[in-house]
Amino acid sequence: MKLPINSLKEYTKAKLNIENILHILSSKIGEVEGVTNLSEMYDGIYVAKILSKKDHPNADKLAIYKVAVGKEEIQVVAGDKTLKEGDRVAYIKPGYIVPSTYKTSDEFKIKAVSMRGVLSKGMLCSEKELNIGQNHTNVLVLPSDAPVGKPFSKYYQLDDTVIDIENKALTNRGDLFGIIGLAREIAGAQNIPFESPQWYKENRSDIKPEGNILPIEINNESQTLCPRYMIAVLDNVQVKESPVWLKSILIRSGIKPINNIVDITNYLSVLTAQPLHAFDYDKLVSNDPNGKSKAQITVRLARDGERIHTLDNKIVELNSNHLVIADSTNPIAIAGVMGGMDTEVDENTKRIIIESASFNRFSIRKTSMDLGIFTEAVTRYTRGQHPQLCLPILLKAISLAQELSNGVLASNIVDSYPEPSLTKGISLSIPRLNILLGTDISKEDVISILKNIEYTISEEKVEGDYITVVPPVFRTDILIPEDIYEDIGRIYGYENIHPTLPLRDITPPKKNREIELKKKIRSILSNSGCNEVDTYNFTSINAIRKSNQDPNVAYHIKNALSPELELMRTSLLPSLFDKAQSNLNRNIQTLCMYEFNIPHIKGYVDNFNLPKEDWHLSLLFSSKEALIDGNPYYEVKRYFEKIVNTLGIKPFEYELIFDSSEVDLPIWVKNILPLFSTTGAALIQYFKNGNKIIIGVIGDIDSGVKNNFKLPRYTAGFEINLEELKRCDTLDNRKIHNSKYPPITQDLCFTVNRDFKYKDLETIILDQVNARNRIATLECLDIYQKDSDVKNMTVRLSIEHMEKTLTDSEYEKLREKIFKKVLVLKN
Amino acid sequence: MLKDFSQILKEIDDDIHTLSQVELKQKYLSKSGVISKMFKELKEVPDKEKSEYGLKINQIKTLIEDNIKNRVEEKLEDKPLFKIDPTAPFDINSKKDKKPHILDLRGSSHPLMQELEKILDIFQRMGFNILESRQLDDDFHMFESLNFPKGHPARDMYDTFWTDDNFVLPAHTSTMQNRALRKFGPPPIRVVLPGRCFRNEATDASHEHTFYQIEGIYVDKDISFANMLATIKSYLEEYLEKELEIRVQPAYFPFTEPDAEFVISCPFCNKSGCSTCHYSGWIELMGCGMIHPNVLNSGGIDSQIYSGFAWGVGLDRLTAIKRGITDIRKLRDGDINFLRQF
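Sequence lines, in order, name chains A and B.
Per numbering that gives the first Met the number 0, the first sequence starts with residue 0, numbered consecutively.
Per numbering that gives the first Met the number 0, the second sequence starts with residue 0, numbered consecutively.
These are computed hints drawn from the structure, not numbers from a lab.
Fair warning: this is a prediction, and the values are worked out from it, not measured in the lab.
The beta-carbon is built from N, C-alpha and C at its ideal position, and this holds for glycine as well.
No incorrect hints appear here.
Cβ-Cβ distance ranges computed for the label pairs, FRET-style:
(1) A/G78 - B/G272: 38 to 48 Å
(2) A/N791 - B/F81: 10 to 20 Å
(3) A/N134 - B/Y278: 31 to 41 Å
(4) A/S420 - B/K220: 29 to 39 Å
Model the full assembly from the supplied sequences, consistent with the hints where possible.
If you want it as C-alpha cells, here you go:
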C-alpha cells in the first residue's frame, strides 16, 4: 500500500513530518518497505513554454524548439514535431535524471549535446518519461494555464513523499488499504481524535434522477458471494482527461491516470479501500442479445467454459467457481477481479453505470488465484470490506462524476442488499486487558484511545471494570475482545510495555529421549571422523529408480518447484549417495557422512492415519583408496558398533539379506533392502523377550546402485530406525565384574567350514566358559581361508575367575570342551 | 594443437572405481570402445603430433589393461554366491594392519544442529519441554486449528507445498501448536517445537525452500504480552551472549492476537550499522504474539481462564548470521570441506 503523505492533510490535523509518520507506521501499524521522495525524483524539471519551432537542417524527424523557462530562453531539439508555439511542456534541465529511470539500474542523466550539429540543452518529456502515463510517442502537452517556470513537481503536486507499507502486515486490515484509514490510525497514534469526512458516513439512498431515466435492472443470483450490489447510471458524461489534482493523487499512489471516469473510481478506491467499477451503459445494452429496451445486470456464477475478454486484453476461460457480472446472457466482468473489454469506458462513452459492491473475500481470492489475475481491486476485496460502505462511496462517485464530467444522474440508486449486516457491541474487561498486555491502562485512557479511532462507546454500559464498545463499521477484523485489546496495545505503544518474566514453578521439564539419543550419537560420530549433513526431503522419480527403489510408494508433491523435487524421499541413504559422489568429485578421497532425518513411505501410517514419522539415522562410508581389506560391510559395521557400544546397547545380531526371509518385514525395511548387496549386507536385529526387532540394514551397497551414482566399489552404509533403536535395552551397569585374580589368556585356532559363522564359535566358547564365577573375554585375531572349503579362525580367549587364580589344567579342560563342540558343529 | 587428454583421464579415473571388470572392458577395450575410436581419430591428427598422440593412447590402454589384470584377485567378490559372514568383525584374509577401524578423519556435526542443540539446551534450563515437529501434516494442524478457515486469504502468506493425497508440508512449526497444547495440557504448558519447514519459493543466497524453525509456547494463568517480551529477550541474550535492546512491530498472524514482529538491536555492531543488519542497527528476528483464544480452545484449553504466548524463529538465518555464512544454500549442499570448518 502506497501512502502519499500530503494526501493525509485533507483528513487529519495530525503532525505529518516524515520521521514521526515512519515511527508510527513501523511501531504501531505495519512494516515500512520503502520511502520515495518525489521532489527528488522530479528535480530539475520545469514547466516551459514553446516560443518558436523550426525544422532541423540535417534531420527530417527532428525539430528545433526555442522554449522559455521563466526568464531563460533555451534551445531544445526534439523528436516530436507536433508541438505548437505557446504549448506548455515539461522540460528537464541538463544534469538531471529522467524520472522513469530514477533509482533503476540504468539511470539516465540528461546532458547538453549536439544533435546532428544543433545544440540541444535539455529534453522535453513524454508521459512515460515522466513516469505518469504510457504515451511515449509525443511530448506531453500540459494545460494552457500551466505556470511557466514553475517546478513541474510543484505544478503537478508531486512534491510529496510516498511511503510503501508492506501489505502482509495489513492482511486483516481492509480499512488500511485506503488513505482515510491510514489517516485515522496516524491521528489515533498521536492521541488526536479522528473524524471521517461527512460524505464517508452518508446514508441516504433516496437521491432522485435529474433528467431522463435510463432503465436498469439488477438480478443478484448469488447473495452468499455478493452480499451487496448497487449501481447508479449517469447520462451525458464527457469522458476526458482528469484535472491535475486527481491525476496527481493517482500517480503518487502508483496508479496511472486513464480518463476522468476511470480515475474517479480508482481515486475513491485509493481513498476508502472500496473498489468501484464503471461500465459503458450503451455498450452493455447493445451487446446484450436481449437488452434492447433496458440494461440488465446479473450477478451469478460463471458457466463452465464461459469466456470473457478482460480489460488487460486477454481471453479468460471461466468455470462455475468464478463469480461474474453478466448481462442477460454473457459475462461483462469478473466480479471484484477485473472488468471486461466489451463494456470499457472510453472517450466515446456518453452514459455510464457505476458499480459499488461487496463480494465474499474467499471467493475473490479463489478466483484470482485460479485465473492468476491480481489487481488493486483483488488486493482490497480480499482484505475484507463492509457492505455498509458501498452506499456512501457510490454517492461520492456520483457527485465527483457530476462535477468532473458534467454527468447527470439518470437512475435511482439500485441496491441489492437482502441481509444488511449489523455491527455488534463487544464487552471489554479492563482487568483482563491489563493482564493480557501486562500493563496498567486506566479505563479513561482505554475509552479515549478507542474513541480517537472512531469506536462508539455505549456510555450507559460503562460499568465498573467493564465497558461495551461498538467497533466502527469499516473494521471488519474486529470480532472478539482480544482484537480490541490489540488495538489498545498498539496505540498505547508496545514500547511502553515493560518486559517482565513470568512466575513459574520449578518442576524440571521432561527430557526428550529422541533428542537426547540423537545428541549422543551425533557426538560419537562427529568424534569418529564422520561429517553430519542435512539434505532435502525432495527427490525425483529418476533418483529413486537409480536406487532400485519403488517411486510409487513416495508421496508426490502437487506443486513441486521442479520435477527434480517432486517426490518425498522414502529413505535417507540415496541423498548421501548423491552428496558422497559430489564430494569424491572434489578433492575428497575417503569420507564417512551421516544424517538424521525422517523419510516418508505411503502406506506407513500412524494411529491418526497420518504418515508415520520415524527418525532414521543413515551413514555412508565411501573410499577411492584401498585402506581396508575385504568387504566394506565390515568397516561400516565398525562404525555402527562404535555407536551402540558407546550407548551401551548389545548384543545385536546380523542376518545376511541373502539368508533372511523377506516375509513379514516392516515396509520401511523392505523399502531400503534394494539399496544393498544381498550377499554383502545384513539386517540388524535385536531380540527382546523373544521378539525380534529389526533396527535397520547395514552393509555393502548394491553394485548397480553404486554404478548409477558413480560411487567407488568400496562404498557401504547403514540406515537404522531410531524409533526401533529406542526399544533396545541398555546394559545394566550395576553388574560390573571385577576380579582381583589374573586372567589366563591363550590364542586358539579352529579350522571350520567356509560357511561356519564367527558368531557360532563365539556362542560355543561363551557357553562353555561363562559361569556364575567365571567370565570369558574373546577377541578375534585372524580369519584365513586357504582354499574354498575351509577356513581358520584364530581367537584370543581370556578367562577370569572371580574367586581364585585359574590353573592351567582348568583352562585346558575348558579348551577341550570347546574344541569338541566346534567339531560337532563343523561336521 | 594436441588434443586435451585431461577430460578422458578423469573419466577413466571415475570408471575404474565404479565400473565392473566386464563393463570396463566393454567401454574401453572392445571393437567399438573408446580406445579403438581414438586410434581411428589418429588419421586426422597432423603428422608432427601423430607420434605423441599415439603414445598417449597406448598409455591409456595399458592403464586400463593393468587395472583389469589386478582385479583378477578380487574375482571372488564378483561371484554372486560369495556370501560374507556378517557376524565376523572383519573379512577373511584381512591383513593385520588393514582390518576395519575408525579412520582418523576430521569429523563434524552440522552447524544447524550445533545451534539447535544450544538453543534447546537454553530452553530446557528455562523449564521448557521439547516436542519435535512433523514434516508431513494435515490441513487441520497447519491451518484450521490455527484459526485459518478454508479459503482464508492469510493462507497465501504461506507458500505451501501439498501432496497429491492432500497432506501439507508444514510452512511453519506452528503446525504443532494444537498437539502441544493437548499433549502438555492442562497448563502450565511450556514447550519448544523445533522442526523442518518448507516454503514453495525459489532459492537464493538468503532463501531456501527447506529450513528449520523453532516454535515456542507458554500457557498458564495470567500470562501477558510483557511476559512474552521478557522470555524471548532472556533467551536471546543467553544465546547471543550479549545484552540486547528490543522492539516490537505490529504484524498479522491469524493464530495470535495481539501479534508482533520481534526486533533486536544488532548484536554484531551494537546498533552502529553493519552488513548483517543492513546498516539499520536492528534485526527482525521472529514473529510472536498472544495465542488466539480460538487456538487455545481448539487445543482443549479454556481461554477464559488461561492465556499464553507463542513465537517462531527461523534457525537457518540465525545460524548464518551467527556463524558468518553468506550463502544459506551452503548449509545443505553437503560439501565436506565446508562442514569440516564447524
